[in-house]
Every structure is written in structure tokens, then in C-alpha cells.
Amino acid sequence: GESVGLHLPTLSVQEGDNSIINCAYSNSASDYFIWYKQESGKGPQFIIDIRSNMDKRQGQRVTVLLNKTVKHLSLQIAATQPGDSAVYFCAENSGGSNYKLTFGKGTLLTVNP
Amino acid sequence: DTAVSQTPKYLVTQMGNDKSIKCEQNLGHDTMYWYKQDSKKFLKIMFSYNNKELIINETVPNRFSPKSPDKAHLNLHINSLELGDSAVYFCASSQVTSGGLSEQFFGPGTRLTVL
Chain Y
226 GESVGLHLPT
236 LSVQEGDNSI
246 INCAYSNSAS
256 DYFIWYKQES
266 GKGPQFIIDI
276 RSNMDKRQGQ
286 RVTVLLNKTV
296 KHLSLQIAAT
306 QPGDSAVYFC
316 AENSGGSNYK
326 LTFGKGTLLT
336 VNP
Chain X
7 DTAVSQTPKY
17 LVTQMGNDKS
27 IKCEQNLGHD
37 TMYWYKQDSK
47 KFLKIMFSYN
57 NKELIINETV
67 PNRFSPKSPD
77 KAHLNLHINS
87 LELGDSAVYF
97 CASSQVTSGG
107 LSEQFFGPGT
117 RLTVL
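Here the protein sequences line up with chains Y and X, keeping their order.
For the first sequence, counting from 1, position 97 maps to 322 in this note's numbering; every step adds exactly one.
For the second sequence, counting from 1, position 46 maps to 52 in this note's numbering; every step adds exactly one.
The shape of chain X in the complex, shown without the other chains (with noise of 0.2 Å):
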């Protein structure tokens, strides 16, 4: 009955491989988010989707990838990986009403260790 999943919750691979974290809500929400928080807990927005079209594209390399192939999944790809990608990545998803945005329910998150 988890209401954001994401797999896998640790990833370890080298500088310079390709990877891919994704991420499913059963929550019906409309909106999905990916975040970079990094070793200071500091907590970023990197992207955002609502009904499968991108909204949020913050200031991150291109070797960043999402991918929206349903409103209830988003996925994120990393291309050319770099030790400074090092981090723990968190899905989250909310549905925006008439009222404006709601609270962003988060998945439990994705520690990447690039070596």
C-alpha cells in the first residue's frame, strides 16, 4: 500500500555509466517531482511533471533525464554519471487543486554513490 515507490533504494555504480532510478505513485495525483538532496541535507527541486508534461526544469545538466510515460510514473535517467552526482534522490507527487498546490507526498529515496 505504499503510496510513492522507488526503486532501487541503493544504487552504486562508476563515473562515466548510464542509470536509471524510477518512480510510481498510486495516489492518482497529477503531479510528480524529482529532488537532489545532497550530503548537507539541503533538499533541491530538479524537475516536475504534472499530467505527463514537463513543468520544472531547474538549472540541471542535460545528462539528466526524465521520463513521464503515465501520469502515475517518473522516471530519471542519468547519462554519463559524475562523482558530484553523488546523493540521495526523492521522488514525490501532489495533486494540484483549484486552491493551489498541496502537500508533496515523498517516496523514501534513492542513495546514488558514483566511485
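So that you can see chain Y by itself, here it is in the shape it has in the complex (with noise of 0.2 Å):
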């Protein structure tokens, strides 16, 4: 079946860095995409998302882009901080009356001081 994945799935940077973790997705119908953090013993947590009528969306310190060209989503945070250290995940919903998220397999990032 379609799926989403990661390219990378540990990332480590020095803290003040900015990073940036990548997805691909497979489902050409999906049309809209979400970044979720997890922290160590947390349920994920909610941080940015975009509709697939837009290629970028700007938050606090993340930026999300979206190339349905090439099927990719990245979400870039700027100046990381050691409290950035978690796993994220993209997911993407395939719209319509499709309820249902897909997860990708998660990146591990670690901030390093």
C-alpha cells in the first residue's frame, strides 16, 4: 500500500543550528500533511501543518514545505535548542472523507549543547 517515509531516521546537530528533517510520500490524492513532535514517554504533539493548496507555512522557529512535484515535505526548524530533541513524524490524511492519518517511520533528533 502507499506509504510515508523519512530519509533520515536519526539527525544530530549543535544546538543554535537550524535542521531539517525530510519526508516523502507516496499518495499523489493526499491533501494534507502534518508534522508531529514526540517526546521521550509523551504522546505526540502537534506542530505544524500545511493544505496541499500551499508550498510553504511559517510558524514560531518551523517552517513546513510542501513540493507535491516530487512528493516531499520537509519541516525546517530554526536555532534548534536541546528541548527540540524528540522523534517527529510526518503523517498525511488522503483526503475527502478519509479520517485516517498515515504516520511515516519518525527521525530522531538530538540537539547536542
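Keep in mind that the hints were calculated from the coordinates and are not lab data.
Just so you know, not all the hints are guaranteed correct.
What the hints assert, rightly or not - With a Cα cut of at most 25 Å, we get these calculated PhoX-like pairs of lysine-lysine:
id : chain 1 : residue 1 : chain 2 : residue 2
1  : Y       : 267       : X       : 77
2  : Y       : 293       : X       : 77
3  : X       : 28        : Y       : 325
4  : X       : 47        : X       : 77
5  : Y       : 267       : X       : 47
6  : X       : 15        : Y       : 267
Claimed, not checked - Covered by chain Y, per the in silico footprint, the following chain X stretches (three or more residues, Cβ under 8 Å):
id : segment
7  : 48-55
8  : 109-120
The structure displayed is predicted, hence computed values, not measured ones.
Each residue gets a CB set at the ideal place from its N, CA and C atoms; glycine is no exception.
Reconstruct the complex from the two isolated chains, following the hints.
Structure below.
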């Protein structure tokens, strides 16, 4: 079946650097995408979302980029902090009456002080 | 003021037992979900209810039975527990709008260990 996957299972950055987490999706019908952050022992926490009619959306220190041509999603975190250390998931929804979110494998981000 | 709550947080039980996990949301959402997260952190949907009606039922053994007594609650009952059921189970909720699906809010998870 179609699925969402991540290029990098782990990412290690220095505090203050910018981080980029990538995600490839295969369902061209997907029209809604979300990035979640999951800290150890906690549930996934919403970071930012984007709909397919946009190619960029910015939040506080985070930016999501959507490239529908190559079916690629990325999360950019500016000035990465130790508190950003977590597993990051991308998720997609194929729209319509489909209530289902399909999650990617997750990327472990480690921020070194 | 917890948005999505689950009980218990930890559940340790013997193989063959029957157990339940409860979930409640106070966000006024109309859709609730159960996810299973395995040891490799892979998160997979199991069930979804919209206005108490089952709308998603992934390939889950029929030993798993969700029950939604009202829009704010979605419980998960598991019969004849097996070792492979050990995982973290997350409840989530969302509000489906005319614009489509929106973000899902997750509970803190229930870590189930089957011995």
C-alpha cells in the first residue's frame, strides 16, 4: 500500500544550528500534511500543518515546505534548542471523507549543547 | 485541564487476560482514534469513531473491540492478550471541518506489557 517515509532515521545537530527533517510521501491524492513531535514518554504533539494548496507555511521557529511535484515534505527548525530533541513524524491524509492519518517512520533529532 | 486523557498510563498483565483502556477528551471533538506504537516507534491507526460511529477499522484482530459510549469517550477492550500486543496505545481526537481533516490531539499513551 502507499505510505509515508523518512529519508533520515536520525539527525544530530549543534545547539543554535538549523535542522531540516525530510519526508517522502507516495499518495499523490494526499491533501493534508502534519508534522508531530514526540518526546520520550509522551504522546505526539502537533507542530505545524499544511494543505496541498500551499507550498510553504511558517510557525514559530518552524517552517514546513511541501513539494507536490516530487511528493516531498520537510520541516525546518531554526536555531535548534536542546528542548527540540525528540522524534519527529510526518503524517498525511488522502482527503475526502477519509479520516485516516498515515504516519511516517519518524526521525530522531538530537541537539548537542 | 487535560485535553485527551487515558487510563491507565501503565498496564502490566499476563497472557490470556482481558483488559480495557479508557480515553476521554474534553475538546468537544467529534472524532476519536486509537493508535498502536510499536517498539520501533512506528505509529499505526487501529480504529476511528466519528459521532460514536465506527469509520475506520484497520486490520486489527477481533480481540480488539473499541466502544464509544458518547462523543467524548472511546474505550479499547482487548480480549485474550498476547505477547505481541505489548506496545504503547495512544488515543487521539480531532474535529472534522468542512475544510477537511484537522490536527489530531493525542493523549499521553498507555504502555501495555503482556508477560
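Structure-based check of all given hints:
For the suggested pair residue 267(Y) and residue 77(X), the alpha carbons sit about 24 Å apart, so the restraint of at most 25 Å is met. The hinted pair formed by residue 293(Y) and residue 77(X) fails the criterion: a straight-line CA distance of about 35 Å is larger than 25 Å. Straight-line distance between C-alpha atoms of residue 28(X) and residue 325(Y) comes to about 21 Å, which keeps the hinted pair within the 25 Å bound. A distance of roughly 28 Å separates the Cα atoms of residue 47(X) and residue 77(X); the hinted pair therefore is violated under the 25 Å criterion.
With a CA separation close to 12 Å, the supplied pair residue 267(Y) and residue 47(X) stays within the 25 Å bound. Note on residue 15(X) and residue 267(Y): the hinted pairing holds, with a Cα-Cα distance of about 10 Å set against a maximum of 25 Å. A count of 5 residues in the segment 48-55 of chain X with a Cβ less than 8 Å from any Cβ of chain Y is obtained; the coverage claim is therefore met, three being the minimum. With 7 residues bearing a CB less than 8 Å from a CB of chain Y, the segment 109-120 of chain X meets the requirement of three and the coverage assertion stands.
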